[in-house]
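For reference, the chains in residue letters:
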Amino acid sequence: MFDDLRDLYQEVILDHGRKPRNFRRLEAADLNARGDNPMCGDRMELFLDMEGDRIADASFQGRGCAISMASASLMTETVKGKTALEAREMAAKFREMAMTGACPECGGALEEEMERLQVLSGVHEFPSRVKCATLAWHTLNTALDGGKEASSE
Amino acid sequence: MDGTLRPALDVQRIRQDFPILSTKVHGKPLVFLDSGASAQKPRAVIDAMRAMFETSYANVHRGAYHLSEASTAAYEAAREAVARFLNARDAREVVFTSNSTAAINLVAHSYGRGVMKPGQAVVVSEMEHHANFVPWQMLAQSHGIALRIANVTDAGELDMADLEAKLADGKVGLVAVTHMSNVLGTVTPAARIAALAHAHGAKVLFDGSQAAVHRRVDMQALDADFYVFTGHKLYGPTGIGVLWGRLELLDAMPPFLGGGDMISEVTREGFRPAPVPAKFEAGTPPIVEAVGLHAAIDYVSAIGMEAIEAHERALVDHAMTKLSAIEDLTVIGRAQDRGGVFSFALGNAHAHDLSTLLDRVGIAVRAGRHCAEPLHVRIGHDSTCRASFGLYTTHEEVDFLAEALTSARRFFS
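Line by line, the protein sequences are chains A and B.
Under the UniProt record's numbering, the residue at position 3 of the first sequence is numbered 3, and the numbers go up by one with no gaps.
Under the UniProt record's numbering, the residue at position 31 of the second sequence is numbered 31, and the numbers go up by one with no gaps.
Think of the hints as simulated: they come from the structure by calculation, not from any bench.
Check the hints yourself; a few may be wrong.
What the hints assert, rightly or not - Taking CB as the label site, the calculated pair distances span:
hint: 1; chain 1: A; residue 1: Glu-27; chain 2: B; residue 2: Gln-141; range: 43 to 49 angstroms
hint: 2; chain 1: B; residue 1: Arg-15; chain 2: A; residue 2: Gly-81; range: 57 to 63 angstroms
hint: 3; chain 1: B; residue 1: Ala-364; chain 2: A; residue 2: Phe-23; range: 30 to 36 angstroms
hint: 4; chain 1: B; residue 1: Gln-137; chain 2: A; residue 2: Asp-15; range: 54 to 60 angstroms
hint: 5; chain 1: A; residue 1: Asp-15; chain 2: B; residue 2: Ile-20; range: 19 to 25 angstroms
hint: 6; chain 1: B; residue 1: Val-134; chain 2: A; residue 2: Phe-23; range: 32 to 38 angstroms
hint: 7; chain 1: B; residue 1: Phe-53; chain 2: A; residue 2: Phe-23; range: 52 to 58 angstroms
hint: 8; chain 1: B; residue 1: Gln-141; chain 2: A; residue 2: Asp-15; range: 42 to 48 angstroms
Positions of the beta carbon are idealized from the N, C-alpha and C atoms, including for glycine.
Can you make the complete structure from the sequences, with help from the hints?
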């Protein structure tokens with residue numbers, strides 16, 4: 001009945017949604033921020049351990065739809081080891097990808113990471129779901145800015 | 001089935017009255033199960049509003065010219081229609097607002113700040129829509145009024161014993177509760193609530209946003225003090241709502257918004273407010289929307305609220321049977337008296353993922369907290385999907401929802 005939704009809900013997304021990676025608290029996290037999507041009740045808390053300007057570890061906890069959980073899970077995997085600047089660049093590219101389905105700028109240094117995140121690009125066809133995918137990245141930017149509360153609204 | 005039974009109403013004929021129901025979504029016939037958020041509009045409403053714009057539109061209560069008089073007559077006829085719809089004693093008890101939210105805020109400001117005294121309390125319930133929750137929180141913060149929250153039972157009904165306990169000290173000035181939950185479908189025992197409130201010296205306001213759509217509501221039988229509903233859920237337009245209040249209460253309340261139309265006299269030194277209902281209708285009102293609401297009331301009245309209620313009761317029974325049979329599906333709330341609103345959770349599938357799937361096959365449901373966050377905390381769900389019925393909802397649509405949910409369960413398992 002829902003076969004044409006397999007583009008949006010690829011197996012990778014369903015898998016990360018069911019079993020999110022890095023789903024734990026970092027008790028002594030250098031940076032952490034909460035992300036909130038008040039319209040639909042998605043909530044997450046992101047934890048970052050920094051070594052200088054580099055993200056040594058990233059984890060999250062929260063509840064939300066498969067898209068938001070999978071996005072947060074994939075994000076924590078891909079930003080680990082990146083500098084803050086690289087992570088912000090990935091956030092900007094991801095946003096572009098989620099909104100338009102394409103990312104002309106995604107070649108170059110971060111190509112491999114952006115390719116992994118490509119599984120979420122299907123959300124661009126579902127305007128009400130774009131913010132589910134981008135919530136984790138908004139929260140990441142907020143955490144890197146030293147902020148505590150991010151909202152996808 | 002007993003061959004002598006006739007359908008309460010002819011759904012297929014009614015569906016012809018709603019142009020939007022013949023549209024397609026993603027190439028599939030629209031199955032609109034979000035009437036609880038806002039109902040679709042019959043041609044009668046659309047035509048009445050168009051005719052008003054095209055033939056008799058002008059501002060009301062102003063000009064001594066033909067169009068303004070025609071417009072005023074139409075606007076006031078809408079008030080009379082609402083009064084009859086509610087079985088109000090007097091059409092002056094009907095105040096037009098922009099929606100239920102505005103009506104409740106009007107009472108919170110005017111009755112709450114103008115009549116109630118600091119030290120008194122307001123009681124709401126755990127299952128209120130934010131529209132009947134936040135205005136009272138705002139009143140509590142600004143005016144020294146305590147806010148008490150009556151419990152909801154595990155079955156999703158108002159806990160009458162808890163309500164009584166919260167009224168016991170006699171400090172409660174107003175009980176403000178829903179007449180039908182927009183999440184649980186629970187219909188509250190309004191007449192009993194009113195009697196209980198009155199026995200403890202409190203007034204009572206019912207949020208009838210859902211209830212007024214699904215059954216006959218009678219102000220005199222309920223013995224209510226305030227009742228609010230909104231046009232757009234009753235198959236009418238957005239931008240118009242109703243506050244019904246007892247005349248003596250409205251008379252005693254200070255105005256809320258100031259401006260044109262709500263005054264009898266304005267001098268440099270001050271003003272004298274107009275009598276009700278004008279006192280509460282500052283500024284140019286929703287004139288065409290009132291005419292649309294009038295048409296909507298005529299439309300449902302011609303079908304008959306009893307027939308609508310019977311149709312929806314049959315749908316609710318059918319939906320309960322179908323939904324209960326789906327593995328891993330939890331219907332939230334098991335109230336004895338309920339209307340056509342079902343919130344549910346399906347295993348580990350998130351409400352938003354579910355609604356995206358359902359949308360793909362043409363089914364429109366709402367997902368989230370349905371403007372009732374405290375209730376979602378109470379029931380222990382971050383968010384739910386909600387299917388809500390209208391007079392045009394068919395048994396086949398309920399069957400299709402059940403089939404799609406069964407398929408969605410497999411998709412996410």
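Quick rundown of the hints versus the structure:
1. Checking the proposed 43 to 49 angstroms range against A:Glu-27 and B:Gln-141 shows it is violated: the Cβ atoms sit about 36 angstroms from each other.
2. Between B:Arg-15 and A:Gly-81 the beta carbons are some 59 angstroms apart, a value that agrees with the proposed interval 57 to 63 angstroms.
3. Distance hint check: the CB atoms of B:Ala-364 and A:Phe-23 are about 32 angstroms apart, consistent with the given range 30 to 36 angstroms.
4. Checked against the given bound of 54 to 60 angstroms, the beta carbons of B:Gln-137 and A:Asp-15, roughly 42 angstroms apart, lie outside it.
5. Taking the beta carbon of each, A:Asp-15 and B:Ile-20 are about 39 angstroms apart, not inside 19 to 25 angstroms as hinted.
6. The supplied range of 32 to 38 angstroms is met by B:Val-134 and A:Phe-23, whose beta-carbon atoms lie about 33 angstroms from each other.
7. For the hinted restraint 52 to 58 angstroms between B:Phe-53 and A:Phe-23, the CB-CB distance of approximately 56 angstroms keeps it satisfied.
8. Our hint of 42 to 48 angstroms for B:Gln-141 and A:Asp-15 holds, since their Cβ atoms are close to 46 angstroms apart.
The structure does not agree with the numbered hints 1, 4 and 5 stated previously, though it agrees with the rest.
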